[in-house]
Every structure is written in C-alpha cells, then in structure tokens.
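Just need the whole structure built from these sequences, with the hints factored in.
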Amino acid sequence: MTAPLLQVHNLSKRFGGFVAVDDVSLCVAPGERIGLIGPNGSGKSTFVNCLGGALARHDGVVAFAGRDLAGLPPYRRARLGLARTFQLPRAFASLTVRENVEVPFRFLDAGGGPASERAQDQLERVGLGDKARLRPRDLTQVDLRRLELARALACRPKLLFADEAMAGLSHAEADDILALLFRANADDGVAIVMIEHIMRAVTAFSERLVAFVAGRKIADGPTAEVLRMKDVEAAYLGD
Amino acid sequence: MIGFAFWRNGLALALVCLIIIAVALRAVHNDYAFFLGYIVFQYGALAIAWNILGGYAGFVNFGAGAFFAAGAYATVALNKALALPLPICVLAGGCAGAGLGLIMGSLTLRLRGVYFAISTLSLSVVLQTLIVNWSYVGGSSGAYIVRPKAIAPFTSYTEFLCLLMFVIAATAALIAAAIERSSIGFGLAAIRDDEAAAAALGVPTLRLKLLAATTSGAIMGMAGAPLPFYNSYLNPDSAFAVGYTINAMAMPLVGGTQSWLGPVLGALLLGSIQQLAVAFVSSSASLALIGLVFMGFVALAPQGLLGLFRLRRAEGAGR
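Chains as they are written, first to last, in this note's numbering: chain A, 612 to 850; chain B, 117 to 435.
One thing to keep in mind: the hints can contain errors.
Between beta-carbon pairs, the in silico distance windows are [unchecked claim]: (1) Ala357/B / Arg746/A: 31 to 41 Å; (2) Leu131/B / Ala704/A: 31 to 41 Å; (3) Arg226/B / Asp679/A: 16 to 26 Å; (4) Arg426/B / Ala667/A: 37 to 47 Å; (5) Phe425/B / Asp634/A: 54 to 64 Å.
Which chain A residues stay away from chain B? Per the calculated CB distances, all over 10 Å, these [said to hold, decoys possible]: (6) Asp749; (7) Ala765; (8) Ala846.
Rather than coming from a laboratory, the hints here were simulated on the basis of the structure.
Even glycine gets a Cβ: it sits at the ideal position worked out from N, Cα and C.
Next up, the structure:
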C-alpha cells in the first residue's frame with residue numbers, strides 16, 4: 612500500500628458546547644476518489660474547514676504529504692497541495708473570470724509562463740474559454756461551479772475537497788461537473804474527496820465512501836458495502 | 117510583472133506634470149496659487165494612500181488623521197532635536213507612518229468590517245492623547261517652526277513646499293499604480309472580495325494586508341511631514357483636524373476606489389471646491405459642501421467618477 616497523502620487522527624471540533632466533528636480519523640491515498648456523505652449538519656463542511664485551516668483550533672492531528680499541518684495558515688496548506696472549493700461559489704466579484712483564475716497562478720508558483728496565459732488555458736480546460744472577460748455576476752450557476760473548480764485546480768493540488776460542487780444543478784449540468792472531476796483525477800492524479808448529496812453522482816464517482824452522522828464517522832469502506840449498511844440507510848431514509 | 121517601461125513612463129509623466137505645474141503656478145505670480153496647490157496635492161497624496169488599504173484591500177481606515185499627524189510631529193521632533201532639513205523630515209515622517217501602519221495592522225487587521233473601522237478610530241484618539249501629553253513637541257499648546265529662507269531656484273518657500281508636496285503625491289500615485297498592476301494588487305482585490313476564498317487559493321492574506329497598511333501609512337506620514345513648515349506652527353488640534361480623515365476617505369469614494377486615478381480626481385474636485393468655498397463663502401461652508409457632494413455620490417454614483425466614465429463607455433460600446 613502506498614503511503615497515505617492525508618492522515619487525520621482523532622479530529623474533534625467544538626463550538627461552545629456543541630460538538631460539530633467528533634473524534635474523526637481518516638486516511639486518503641494519492642489519487643483516490645472518495646465520497647463523503649451525511650445529512651445536513653453532520654459536520655462535513657466543518658471537517659473540511661478544519662483541514663483547510665480556516666478553523667485553526669481543533670483537537671487531533673492532521674498530516675498532509677508527511678507533514679503536520681498544525682499552525683499552518685490556509686495559504687500555506689494550499690501551497691502544499693491541499694485545495695478546496697466552497698459549498699456556495701465564492702468568485703471574486705470585482706475581477707474578471709480570467710483574473711479569478713490568475714490569482715492562484717500568481718501566488719502559488721512562479722514558473723510556467725505568464726499567469727494570464729496559464730489562467731486562459733485552465734479556463735479552456737473547463738469550458739469557460741470564451742467567457743474569460745466576463746464578470747462572475749454574468750455567469751450562470753453551472754459556470755460559477757466550473758470557475759470554482761478551475762480556480763481550485765489551478766492550485767495544482769494533490770488533494771481536492773469538492774464541497775457540494777453540484778448543488779442546485781440540473782441532471783446534465785451535474786454530469787458536466789462530474790466529468791471535470793473525473794478528468795482531474797485521471798489526467799493529473801488529483802485525489803478527490805467529493806462531498807455531495809446527489810447520490811447518483813457520489814456512487815458513480817467514489818471508489819470509497821465515508822459517511823458522517825452527527826459529527827461522527829459511522830462508515831468507511833468500498834462504496835457498494837457502505838451503501839448496504841443499516842446505519843447509513845437509517846441516517847438517510849429514517850428507521 | 118512590472119517592467120522597466122512602467123517606471124520609465126511613470127517617472128516621465130510625473131516629471132512633465134511637475135514642470136507644467138511649476139511653470140503655470142509661477143505664471144500666476146501669486147503666493148496664494150502655491151498655497152492652493154499645496155493643499156490639493158496634500159489631499160491627493162492622503163487620498164491615494166488611504167485608497168491602498170481602503171479601496172484595494174477593502175479595509176476602511178478611520179485613522180488617516182493619526183498617520184498624517186504622526187508625520188507632522190516627526191518633523192517637529194526632528195527639527196527641534198537635530199534641525200534636519202525638510203526632505204529628510206519627509207522621509208522620517210514616512211518611517212513614522214509606516215511604523216504606525218505596521219503596528220495598527222498587526223493589532224487590528226485580523227478584524228473585519230466595522231470592528232476594524234472602530235479600532236482605527238480609537239487608534240487616532242490614543243495617538244492624539246499621547247501627543248497632547250508630550251511636552252517636548254509642545255503638548256497641547258503646540259510648537260513653532262521657523263521657516264527657512266527660500267533657496268534658489270525657488271522664488272518663495274511656499275513654492276518649494278508646493279512642489280515638494282507634488283513630488284510626494286506623484287510618488288504616491290506611482291506606488292499605487294505599481295501595486296495595482298502587480299500580484300500584490302491581485303491579492304488585495306481577492307482579499308477585498310472574499311478573504312477566506314483568497315486564503316484557500318494561496319494568497320498570503322495577513323502579509324498582504326500588513327504590506328498595504330504599512331505602505332498606506334508611510335505615504336500618509338510623508339504627506340503630513342511638511343505641515344509644520346506650511347503653517348509655521350503645529351498643535352494637536354490642527355494636526356489631528358477631522359478634515360484630514362474625512363477628506364482622505366471622501367476623495368477616493370467620490371473619485372472611484374478601483375484605481376489610483378480615482379483619488380486623484382476626487383482630490384482635484386473636492387479639494388478645489390473646498391478652497392473656493394473657503395475663499396468665497398466661509399470655512400465651515402466648505403465642510404458642509406463636502407458632505408453634500410459626498411452624499412450625492414454615495415446615492416447617485418457609488419462607483420465614483422471612474423465608475424461614471426466606465427458606465428458611459430460601456431453604454432457607448434453596447435450601441
């Protein structure tokens with residue numbers, strides 16, 4: 612077995628008396644495709660915020676690419692190759708679509724040509740090439756999702772957390788985004804953790820499924836097995 | 117990357133403007149023209165400086181007056197201690213402003229929105245209290261400064277002050293334009309739009325914010341440094357006058373905050389309206405006028421003059 616890319620040991624996050632993430636451990640191998648499922652409020656996004664560094668104070672140890680992430684601010688984690696997209700697209704409203712993608716190119720590595728050209732290439736790759744000069748407010752929902760992904764993938768991540776990248780999209784639009792994620796995984800070897808409620812997409816994408824309920828990890832295993840588990844079924848459909 | 121061409125063109129443009137202004141003001145043949153020019157350039161420098169943190173990064177600083185006063189009092193202290201010439205005092209004022217910006221930034225830049233604004237306001241109260249109680253620089257009664265004689269090629273000391281202030285304002289404009297075109301400008305815009313998303317994309321948010329606060333503070337300090345020589349006298353009330361803080365914020369907002377040109381336009385417009393009002397109506401009318409113009413822009417043109425131009429151009433292109 613290859614050395615894990617991400618190792619989370621006993622991560623807990625409390626907000627006052629409320630335990631949002633409760634003693635979760637998780638390993639992700641390079642290039643893996645994982646689905647992270649769970650009802651609303653089960654701690655999935657809080658978990659991602661802890662790993663990304665937005666919520667710095669938590670219990671437990673997070674190691675990425677063999678390095679302890681304790682105390683590292685979000686931008687340093689991004690530089691190590693840990694990227695994320697946000698549940699609601701958070702494009703920079705005053706920048707054009709291309710400038711949005713230029714931001715990570717300008718700050719993450721110097722080599723490889725001018726940031727504006729590399730940003731344009733990246734936009735072509737996600738199908739936004741002809742919309743480079745628009746502002747985010749002129750984009751449709753699916754294009755905003757594409758932009759969010761293009762920006763995160765511009766970080767040349769080793770691991771991407773895609774937080775509900777398909778929420779609110781039509782069947783066909785969700786398939787487009789799914790194809791982009793598959794391509795990033797296959798072509799660039801990006802390990803992807805997909806946080807998603809659209810079960811059709813999660814089951815199609817994931818080699819492995821992790822389920823959260825009330826901040827705890829209740830299942831972790833091959834997709835088909837986890838889907839058959841009684842606890843997972845109960846959490847989603849009721850007893 | 118900002119190349120050689122940017123600095124060459126920028127410096128050439130500044131030099132041409134300096135010569136035109138020097139010739140034009142001397143042609144007026146009246147010291148009042150130099151006083152007027154000084155005021156407008158001083159506000160221009162203040163407004164450009166405020167805009168680096170307020171416009172580019174989106175952090176509204178209510179303490180512009182404190183940075184300005186720090187520069188002015190650096191001059192008073194250095195003049196008393198070592199009798200240094202003004203250009204060196206300007207650099208020292210810049211250092212004082214930069215230091216203050218760095219300190220204020222490290223204390224407050226982790227705060228957002230209104231909390232940041234409140235803490236900058238209190239900073240200026242704290243600084244004023246310190247100065248009032250510092251007897252070396254005159255305390256609450258103030259300090260007098262003897263103006264040197266005019267040195268050739270200047271016909272009067274006021275002319276020298278006016279052109280010095282133009283150089284400070286032009287330096288501010290060059291620095292601001294360079295920031296806009298560099299990765300720093302991209303990073304600051306990203307922080308303004310969404311700080312958490314910027315951090316997730318590799319933007320070193322705290323470092324960039326500190327850089328913006330320090331640069332902005334340095335320019336404000338430089339703009340304040342010649343004030344004691346301009347007035348021949350400095351006391352806390354005149355150095356911390358609320359007009360500086362208000363103008364430093366109103367001018368970028370009236371002109372437009374996205375580019376260095378916005379604060380320049382704002383300073384030209386508001387600065388000259390104020391001086392005309394002072395000359396022909398009364399000095400209290402001038403602040404009231406600023407208030408009215410400012411309210412008008414907030415209501416009708418929230419993107420400022422630059423926003424109006426851009427709208428006009430976009431409509432023209434759409435036809």
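Does the Cβ-Cβ separation between Phe425/B and Asp634/A fall within 54 to 64 Å?
holds (58 Å)
Taking 31 to 41 Å as the hint, is the beta-carbon distance of Leu131/B and Ala704/A inside that range?
38 Å Cβ-Cβ, so the 31 to 41 Å window holds.
Taking the beta carbons of Arg226/B and Asp679/A, is their distance inside 16 to 26 Å?
With a Cβ separation near 23 Å, Arg226/B and Asp679/A satisfy 16 to 26 Å, so the hint holds.
Go ahead and decide if the range 37 to 47 Å is satisfied by the Cβ distance of Arg426/B to Ala667/A.
At 40 Å between Cβs, range holds.
Separation of Ala765/A from chain B, once the least beta-carbon distance is taken, above 10 Å:
Incorrect as stated: the minimum Cβ-Cβ distance to chain B is 8 Å, not above 10 Å.
Between Ala357/B and Arg746/A, is the Cβ distance one that fits in 31 to 41 Å?
Once the Cβ atoms are compared, 40 Å apart, the range 31 to 41 Å for Arg746/A and Ala357/B holds.
Find the nearest Cβ of chain B to the Cβ of Ala846/A and say whether that gap is larger than 10 Å.
For Ala846/A, whose nearest Cβ neighbour in chain B is about 29 Å away, the distance exceeds 10 Å, so it holds.
According to the definition I'm using, a residue is off the interface if its beta carbon is farther than 10 Å from all beta carbons of the partner; does Asp749/A meet that for chain B?
holds (12 Å)
Checked against the numbered hints listed earlier, the structure breaks hint 7 alone; every other hint is satisfied.
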